Each structure stands twice: as C-alpha cells, then as structure tokens.
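Visitor: Here the working numbering = 1-based position in the sequence shown + 1.
FYI, nobody ran anything at the bench for these hints, they're computed from the structure. Computed from a prediction, not measured in an experiment: that's the story for all the values here. Every residue gets a Cβ at the ideal spot worked out from N, C-alpha and C, and that includes glycine. Do not take every clue at face value.
Each pair of labels, with its calculated beta carbon distance range [unchecked claim]:
(1) Phe15 / Asp59: 14 to 20 angstroms
(2) Ala49 / Arg25: 29 to 35 angstroms
(3) Gly47 / Ala18: 18 to 24 angstroms
(4) Phe15 / Asn57: 30 to 36 angstroms
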Amino acid sequence: MTITCFIRYEIDPFGKAAFEEYARNWGQAIPRCGADLIGYFAPHEGSATIAYAAYNID
2 MTITCFIRYE IDPFGKAAFE EYARNWGQAI PRCGADLIGY FAPHEGSATI
52 AYAAYNID
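Make the full structure from the sequences, and use the hints.
Guide: Here's what the structure looks like:
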C-alpha cells in the first residue's frame, strides 16, 4: 500500500532561494531514506508564501 504525503510550507517571500536550497538537500535525503520523492513546488503564481512537497512511501 502506498501512502502519499503532502507537506505545506509557509515561506518568507524574500527567502525563496533558501527554500530552494532546503528542497535540494531534502530532495537527496528523502530517496536515501526509501521514499519516492514526487517533488518540491515553490511559489510561482498566486501566493508568494506557500510552497509544497510531495512524496510516496510504500
């Protein structure tokens, strides 16, 4: 059975670069822990403060 996890982040709109670095680091760590990373999604339209991540766990 696969579980899909969604994480909602509230980020500083001026800290988008820091969030991108965070996402790159966790983007490598999550698969090493056995999960299937779907992706990190930084704001590009609409809200400038909401970002998301999604991954699957079997």
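Visitor: Hint by hint, say whether it matches the structure.
Guide: For each hint, the structure was consulted:
no. : hint                              : result
1   : Phe15 / Asp59: 14 to 20 angstroms : violated (38 angstroms)
2   : Ala49 / Arg25: 29 to 35 angstroms : violated (20 angstroms)
3   : Gly47 / Ala18: 18 to 24 angstroms : holds (19 angstroms)
4   : Phe15 / Asn57: 30 to 36 angstroms : holds (32 angstroms)
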